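K.L.:
This is what each chain is made of:
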Amino acid sequence: MSGHATYQPQNAFMKWMERRLPIAGLVYSSFVAYPTPRNLNYWWTFGGILSFMLGAQIITGIILAMHYTPHVDLAFKSVEGIMRDVNYGWLIRYLHSNGASMFFVAVYIHIARGMYYGSYKEPREVLWILGVIIYLLMMATGFMGYVLPWGQMSYWGAVVITNLFGAIPVVGDSVVAWLWGGYSVGNPTLNRFFSLHYVLPFAIAGVVVLHIWALHVVGQNNPTGIDPKSDKDTVAFTPYATIKDGFVMVCFCLLYAWFVFYVPNYLGHADNYIPANPAVTPTHIVPEWYYLPFYAILRAIPNKLLGVAALGGSIVILAFLPWLDTSKVRSARYRPLYRQFFWMYIATVIGLGYLGSQPPEGIYVIAARILTIYYFGFFIIVLPLLGMFEKTKPLPNSISESIFPAGAPASKAKA
Amino acid sequence: MIKRTALSFAVAFVLGAALAAPVMAAEGTPHPPRNKWSFAGPFGTFDRAQLQRGFKVYREVCSVCHSIELLTFRNLSEPGGPGYSAAQAATVAAEFKIPDIDDSGQPTERPGRPADAFPKPFANDAQARNTHGAVPPDMSVLAKARTYERGFPWFLLDMVTQFQEHGPDYIVALMHGYKEKPADFQLPEAAYYNEYFPGHVIKMKAPLTDGQVTYDDGSPATVDQYSKDIAAFLVWAAEPHMEQRKRIGLQVMLFLIVLSGLLYFTKKKVWSAVH
Ligand code: HEM
Numbered sequence: 001m002s003g004h005a006t007y008q009p010q011n012a013f014m015k016w017m018e019r020r021l022p023i024a025g026l027v028y029s030s031f032v033a034y035p036t037p038r039n040l041n042y043w044w045t046f047g048g049i050l051s052f053m054l055g056a057q058i059i060t061g062i063i064l065a066m067h068y069t070p071h072v073d074l075a076f077k078s079v080e081g082i083m084r085d086v087n088y089g090w091l092i093r094y095l096h097s098n099g100a101s102m103f104f105v106a107v108y109i110h111i112a113r114g115m116y117y118g119s120y121k122e123p124r125e126v127l128w129i130l131g132v133i134i135y136l137l138m139m140a141t142g143f144m145g146y147v148l149p150w151g152q153m154s155y156w157g158a159v160v161i162t163n164l165f166g167a168i169p170v171v172g173d174s175v176v177a178w179l180w181g182g183y184s185v186g187n188p189t190l191n192r193f194f195s196l197h198y199v200l201p202f203a204i205a206g207v208v209v210l211h212i213w214a215l216h217v218v219g220q221n222n223p224t225g226i227d228p229k230s231d232k233d234t235v236a237f238t239p240y241a242t243i244k245d246g247f248v249m250v251c252f253c254l255l256y257a258w259f260v261f262y263v264p265n266y267l268g269h270a271d272n273y274i275p276a277n278p279a280v281t282p283t284h285i286v287p288e289w290y291y292l293p294f295y296a297i298l299r300a301i302p303n304k305l306l307g308v309a310a311l312g313g314s315i316v317i318l319a320f321l322p323w324l325d326t327s328k329v330r331s332a333r334y335r336p337l338y339r340q341f342f343w344m345y346i347a348t349v350i351g352l353g354y355l356g357s358q359p360p361e362g363i364y365v366i367a368a369r370i371l372t373i374y375y376f377g378f379f380i381i382v383l384p385l386l387g388m389f390e391k392t393k394p395l396p397n398s399i400s401e402s403i404f405p406a407g408a409p410a411s412k413a414k415a
Numbered sequence: 416m417i418k419r420t421a422l423s424f425a426v427a428f429v430l431g432a433a434l435a436a437p438v439m440a441a442e443g444t445p446h447p448p449r450n451k452w453s454f455a456g457p458f459g460t461f462d463r464a465q466l467q468r469g470f471k472v473y474r475e476v477c478s479v480c481h482s483i484e485l486l487t488f489r490n491l492s493e494p495g496g497p498g499y500s501a502a503q504a505a506t507v508a509a510e511f512k513i514p515d516i517d518d519s520g521q522p523t524e525r526p527g528r529p530a531d532a533f534p535k536p537f538a539n540d541a542q543a544r545n546t547h548g549a550v551p552p553d554m555s556v557l558a559k560a561r562t563y564e565r566g567f568p569w570f571l572l573d574m575v576t577q578f579q580e581h582g583p584d585y586i587v588a589l590m591h592g593y594k595e596k597p598a599d600f601q602l603p604e605a606a607y608y609n610e611y612f613p614g615h616v617i618k619m620k621a622p623l624t625d626g627q628v629t630y631d632d633g634s635p636a637t638v639d640q641y642s643k644d645i646a647a648f649l650v651w652a653a654e655p656h657m658e659q660r661k662r663i664g665l666q667v668m669l670f671l672i673v674l675s676g677l678l679y680f681t682k683k684k685v686w687s688a689v690h
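Chains as they are written, first to last, in the numbering used here: chain A, 1 to 415; chain B, 416 to 690.
Treat the hints with caution; some may be incorrect.
Pairwise CB distance ranges (calculated) [to be verified]:
#, chain 1, residue 1, chain 2, residue 2, range
1, B, Pro457, A, Gly186, 40 to 50 angstroms
2, A, Leu337, B, Glu564, 55 to 65 angstroms
3, B, Gly566, A, Arg369, 30 to 40 angstroms
4, B, Pro534, A, Gly206, 45 to 55 angstroms
5, B, Pro457, A, Thr6, 29 to 39 angstroms
6, B, Arg528, A, Met66, 54 to 64 angstroms
7, A, Thr238, B, Ala530, 50 to 60 angstroms
8, B, Pro522, A, Met66, 14 to 24 angstroms
9, A, Thr6, B, Trp686, 48 to 58 angstroms
10, A, Gln10, B, Trp686, 20 to 30 angstroms
11, A, Leu337, B, Lys451, 50 to 60 angstroms
12, B, Gly498, A, Asp73, 32 to 42 angstroms
13, A, Gly312, B, Glu524, 34 to 44 angstroms
14, A, Asp73, B, Arg528, 19 to 29 angstroms
Treat the hints as calculated values from the structure; they're not laboratory data.
Note that the structure is predicted; figures quoted are calculated from it, not measured.
C-beta: ideal position from N, C-alpha, C; glycine also.
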């Protein structure tokens, strides 16, 4: 990965600066000269999209916070005030509420990409775990954000989720009272959620820096899963990756704009336009779509404590992926069996997502139990065993050979 | 490559959804029939005359029981709404009595001003519940606060077709839904049977009858027309900047489409050096 030019300050000021704080050099080596595998496909553009979405959430969020009032009697009205009376307030709010969903769309694609191409394997374990931490922080941030408008779903979602901590043996009830800041979800809860919702995105930004740092130490994975061997296997980040990322980011913004301008409430719940009312429980309490698979797992298990443990476990287990997957081959391209189990896993998560939105009764519960078994089975049984029994396809000798196969066209890989 | 992955994804998606989607549990509430709305779709705009008629229905009928506290009189003359002039909005405001405190500190009432919000018809929820048997919900965002389940696969298609008029369709249906109760149905005291209301037992008496409100633009004075007009008015009240949103949306979409095209060809050019 050597041979790429290093930063040469061009004018006197930059020369002066570079000897004191080599920030231009850092940017240059990270985002200009940085070698990226030449065979990256479009699934590799979601990291850039995620950074963009984090920035978008922080900027729209700071503007919202200028007009929002974190008080049980005023929160709903202040959000409606943003929608009605703040100049382009409707735009800022819809960008923020739909931005959260787009952020999760991107993170799910990003995670699935990592799983398909084995990006979590040696030497990228720490990079992967940092990603899981970002995802957990995003979940916490999104949950607390959804509480802020203080509609019916905000309130009852907060009640259901905080009550989960009551399942902890012995100290459960004290933990819940501590989270609430009282004996029920109320004004202190709303205040602390606002405070945390404001600060966590900056914590995310910090972990993102670590994530990118780790990435730049170990280098990007690529669709073949084999390491770049020479300069022929890589291209410079700029212009190659920048232009590709830019193109996809604009396409992603098209999707984002579709929701913001045309169906801004599609991803939300009608009930959240009813002000919170502790005396009236909605018929179905449903979390935001991005939590639905985990909500289905929670409700599939009849015992509360085990349900909560499974809910937590279903996310935390991702962090152990580098050790659960025993195969030496990274990319699913060369793992015919893994590839099938992987797509079944994706189908399972989508199926669980649908079940999470349905009432927990009859056939829905049975289906959710079956899918929950596969969800965990994939990690605990399939992945460890596959590594031992799967017959993988021969790997190409290098990345460039996989693109320009010398001779035999049969070795042309597809993904 | 992309095609194959997209195909696998589609298969996984349909499999996942199909595994999980047996028939929708029929709860015995029929789906509200769909109406044609001038504000539907990417180019939708409100029909000014319809909003004015809807406002008349609100003022003469619904406002007796339902508040609309987030709406101000000045909203009536803002662009993208019913299209009243500022002077007309001020006249409407002056016809309402707004509770206030006078210079000596005593509670008093004064004529409304454009900046005032519509006053509530009752002092508090308890009073409303006592009079009407249930609290009539505030109407400011009511059109966005009601919906119904469309079930698989419609709820997915709605994302593409932009169908989002569940709320107004429901309000129209509710106005039509007062029927003779089935013989074996137990209806509590002071409640009414409504086909479209979840559970069918509603505390609101059918609010509209033919001929109740006089329209001066020649539109039919029927429950059907009233209910469509009030539903359209409530959509505007819930989303007063909808026209601006859709208009800017079109500009943004066009801009992004052109930009993505330019970036696509730039990308092709840049990468042609290494492909
Ligand atoms: C990781 C990034 C973030 C995510 C995923 C996120 C997510 C959310 C969500 C889901 C909502 C509820 C939207 C609704 O239904 O109205 C919300 C509301 C809100 N967020 Fe964020 N947010 C993020 C960053 C921020 C930041 C950095 C700030 C402030 C500096 C902020 C301030 C607010 C405020 C004031 C609201 C309430 C207003 C409203 O409900 O529209 N957010 N957020």
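K.L.:
Against each hint, give a clear statement of whether it holds in the structure.
P.N.:
So, going through the hints one by one against the coordinates:
Hint check: Pro457(B) to Gly186(A), Cβ distance near 42 angstroms, so the stated range 40 to 50 angstroms holds. In this structure, Leu337(A) and Glu564(B) break the distance hint of 55 to 65 angstroms, their C-beta atoms being roughly 39 angstroms apart. With their beta carbons about 23 angstroms apart, Gly566(B) and Arg369(A) fall outside the hinted range of 30 to 40 angstroms. At roughly 50 angstroms, the beta carbons of Pro534(B) and Gly206(A) sit within the given window of 45 to 55 angstroms.
Checking the proposed 29 to 39 angstroms range against Pro457(B) and Thr6(A) shows it is violated: the Cβ atoms sit about 50 angstroms from each other. Evaluation of the 54 to 64 angstroms hint for Arg528(B) and Met66(A) yields a failure: the beta carbon distance comes to about 27 angstroms. Evaluation of the 50 to 60 angstroms hint for Thr238(A) and Ala530(B) yields a pass: the beta carbon distance comes to about 53 angstroms. The beta-carbon spacing between Pro522(B) and Met66(A), approximately 34 angstroms, falls outside the hinted interval of 14 to 24 angstroms.
A C-beta distance of roughly 24 angstroms is found between Thr6(A) and Trp686(B), which places it outside the suggested range of 48 to 58 angstroms. Between Gln10(A) and Trp686(B) the Cβ separation comes to about 27 angstroms, which falls inside the hinted range of 20 to 30 angstroms. Between Leu337(A) and Lys451(B), the C-beta spacing of about 53 angstroms keeps the proposed range 50 to 60 angstroms intact. About 34 angstroms separates the C-beta atoms of Gly498(B) and Asp73(A), a value consistent with the hinted range of 32 to 42 angstroms.
Look at Gly312(A) against Glu524(B): about 57 angstroms separates their beta carbons, and that is not inside 34 to 44 angstroms. In this structure the supplied range 19 to 29 angstroms holds for Asp73(A) paired with Arg528(B), their Cβ-Cβ distance being about 24 angstroms.
Violation of the numbered hints given earlier is confined to hints 2, 3, 5, 6, 8, 9 and 13; the remaining hints are satisfied by the structure.
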